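Chain A is already provided as a structure; the job is to place chain B on it using the hints.
Line by line, the protein sequences give chains A and B.
Just so you know, we're using the numbering used here here: the first sequence kicks off at 5 and counts up by one.
Just so you know, we're using the numbering used here here: the second sequence kicks off at 2 and counts up by one.
Careful, some of the hints might be misleading.
Claimed, not checked - Simulated restraints on C-beta separations:
1) A52(B) to R342(A): 48 to 56 Å
2) Y128(B) to N31(A): 32 to 40 Å
3) M63(A) to Y128(B): 20 to 28 Å
4) F84(B) to T198(A): 45 to 53 Å
Unchecked claim - Derived BS3-like pairs: lysine-lysine, alpha-carbon spacing no greater than 25 Å straight-line:
5) K126(A) to K27(A)
6) K73(B) to K27(A)
7) K236(A) to K27(A)
8) K324(A) to K292(A)
9) K73(B) to K126(A)
10) K141(B) to K5(B)
It is worth saying that the hints were derived from the structure and are not from the lab.
The structure displayed is predicted, hence computed values, not measured ones.
Ideal placement from N, C-alpha and C gives every residue a C-beta, glycine not left out.
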Amino acid sequence: MAVEGRSVSDVVVLGVGMHPWGKWGRNFVEYGVAAAHAALADANVDWRDVQLVCGADTMRNGYPGYVAGATFAQALGWQGAEVSSSYAACASGATALNAARAQILAGLCDVALVVGADTTPKGFLAPNAGDRPDDPDWLRFRLLGASNPTYWGMYARRRMEMFGATPADFARVKVKNARHGVSNPNARYRKLVTEAEVAASPMVSDPLRLLEICATSDGGAALIISSLEYAKAHGVTNPVRIAALSTVTPSYPNTLIDMPNFSTDSSFGVAAPERGFRDSIAHAAYEKSGIGPQDLDLAEVYDLSTALELDWYENIGLCKEGEAEQLLNSGETTIGGRIPVNPSGGLGSFGEAVPAQAIAQVCEIAWHLRGEAGDRQVEGAKVGLTVNQGLFGHGSCVILKK
Amino acid sequence: MSNKARVPAVDGWFTMDDEPKLLASRGVETGSYFFPKNLAFSRNPAAPTEALEECTLSRRGRVWSWTTNHYKPPAPYISTDEFVPYTVVAVELVDEQMVVLGPLATSCDPSELSIGAEVELVLGRLYEDEDNEYVVWQWKVVQ
Chain A
5 MAVEGRSVSD
15 VVVLGVGMHP
25 WGKWGRNFVE
35 YGVAAAHAAL
45 ADANVDWRDV
55 QLVCGADTMR
65 NGYPGYVAGA
75 TFAQALGWQG
85 AEVSSSYAAC
95 ASGATALNAA
105 RAQILAGLCD
115 VALVVGADTT
125 PKGFLAPNAG
135 DRPDDPDWLR
145 FRLLGASNPT
155 YWGMYARRRM
165 EMFGATPADF
175 ARVKVKNARH
185 GVSNPNARYR
195 KLVTEAEVAA
205 SPMVSDPLRL
215 LEICATSDGG
225 AALIISSLEY
235 AKAHGVTNPV
245 RIAALSTVTP
255 SYPNTLIDMP
265 NFSTDSSFGV
275 AAPERGFRDS
285 IAHAAYEKSG
295 IGPQDLDLAE
305 VYDLSTALEL
315 DWYENIGLCK
325 EGEAEQLLNS
335 GETTIGGRIP
345 VNPSGGLGSF
355 GEAVPAQAIA
365 QVCEIAWHLR
375 GEAGDRQVEG
385 AKVGLTVNQG
395 LFGHGSCVIL
405 KK
Chain B
2 MSNKARVPAV
12 DGWFTMDDEP
22 KLLASRGVET
32 GSYFFPKNLA
42 FSRNPAAPTE
52 ALEECTLSRR
62 GRVWSWTTNH
72 YKPPAPYIST
82 DEFVPYTVVA
92 VELVDEQMVV
102 LGPLATSCDP
112 SELSIGAEVE
122 LVLGRLYEDE
132 DNEYVVWQWK
142 VVQ
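So here's chain A without its partners, still in its complex pose:
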C-alpha cells in the first residue's frame, strides 16, 4: 500500500479499455466489466492489486447505477478496494478520474480503476420519471418540450447568424467524423457519410438534421491510472501522463443559455466573467499544465451536434471566434491535418453513453500517444486534449502528454 503523504511526481495512464458502443440492450455492468478487464490487461495489473475504484454513475439503470463504483467492484470480485462514485452528467467520467487522480497525487494510493458504462433507452434522453414540478430538468420537457437537441439547434442557428456558418459547414463535420470513425472497432456507426446524405436526413431541431445529432448508445470505458513511481516499478518507463485535469463550474453570470435552464444568469450590475463557461473549461487545464492550444497534436471534443464541434474549436483556442468553419474547411482538423479533432469519430460515430464518454475520450488520446490507434493514428502525437460539458454546469477537460 501507499504510504500516506508520500510525494508523487506524476499520475499516468497505465491501461485503457473499452466495450464497443452500440445498442446492445444488455445490463450496463457487463460493458463496464468488459472495459475494466481490457484496461487491467492493457496495464498488466491484477485486479486484486487495485487499491481504489472510481465509478462514473448512470442515472438510467436504477440503484446499481447510482453506486457505480461499488457495483463494478462487486462485479469484478470484492477485494477490499476503497470506492467512490461520481455523477456529473456527461462529465461524470472526468469527475471520477479526478477523484482517482487526487488520491494518487495525495499519496493515498498507488493504482486505481476508473470505469463508467451505460445502457440507454431508445430515443431522446428524458428526465427521471414521476411528477417533479420543482425540478428544472422535468419542467423544461413539460413546459417547453426543450429536449437536448432544442438547445443545440439554438446554438447552431446562432452560429449561422453570428459567423455566417451554413448547413453545408455543419454537414462537413459529420462527413469528417464519419471518415475518422470508419475504422474504429469501438465505434457504433462505421460507415462513410456524404454531405448529400446529411442534407437528406430528417430535420430534428432546425437547422440540425438527424445525422448531425448525437444518438444515445450503450458502451463502457475504463482506465487504470497510477503514480509514475508505480508505473516505473512495473517496468513502464515512458507512460502517458495526465498533465492537467479541469472540472470547473461556470462563473457568475453564466450568460449562455445552458441545459436544463429556462434562462441565463442576469448580467445586470455585474461584469461578465473574463471567459464564458465553455472557454473556461480548457483554459483552466492550460493554466494548470503550462500547455497551450498551439502545443496540441489532437483533440477529442464533445460533438453533441455537428455545429457544437465548431464551437469547441474556438472554446479550446484552436482558432479565433468565428473562424471554426474556415479551420474545418481547410482540412486541418481532419486526420493528416495540423490538429485532428475527434480522430475517434466523435459522438457522431459513437453516440453517447453518458458516464463512459469522458473516459472514452481519454482512451482515444492515450492510444494515439502510444502510437496504437491503427488506421486512424495521428502520426507523432505527443500532446492531446479532451473536452466535454455536462448539464447543470460541469466542465471536463483532460490534457495528456507522452
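Chain B only, in chain A's frame:
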C-alpha cells in the same frame, strides 16, 4: 370557445392578466434578476445572503435564437395524438440583461422569426384535460 377553466400549467411563474408578465425575483442589494422566481437564496456570489423580492420581467425582448422541433419529445411533454412541430425561442431582455426561453406563440409561424426581432409575452394553451385548459407563457412576434 371552451367552457373549461383557464389555469397556469405551472404555479407562480407568470401573471394571468391581459398583459401577462413573467414572475421573477430580484436581489435587493445587487439588483440581479432570477427566473424562475426564487426567494430562498441569491445566486449572485457577491451577495449570497442578500434578501430577494418578487418582481416581473419586461414583456418585450429581442430574439436571440430559436429552433423548431420536428420530433415528439419524451414525457412529461404532453402532445396531441397527432404530433405538431413546435418552436422554442430564446429571447434577450434588455433591461434585465438575460435570455429567457419560451414557446413561440401558436398564432405565429417560425418564418416570421429573425434574430433581433422584437417579441412580446402572451399566454397560450399548452394542453387540456376534462376540466381545465392549462396555459403557458409564449413569445409572439411584434408586427
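Consistency of the hints with the structure:
no., hint, verdict
1, A52(B) to R342(A): 48 to 56 Å, "holds (54 Å)"
2, Y128(B) to N31(A): 32 to 40 Å, "holds (36 Å)"
3, M63(A) to Y128(B): 20 to 28 Å, "holds (26 Å)"
4, F84(B) to T198(A): 45 to 53 Å, "violated (29 Å)"
5, K126(A) to K27(A), "holds (9 Å)"
6, K73(B) to K27(A), "holds (21 Å)"
7, K236(A) to K27(A), "violated (39 Å)"
8, K324(A) to K292(A), "holds (22 Å)"
9, K73(B) to K126(A), "holds (13 Å)"
10, K141(B) to K5(B), "holds (24 Å)"
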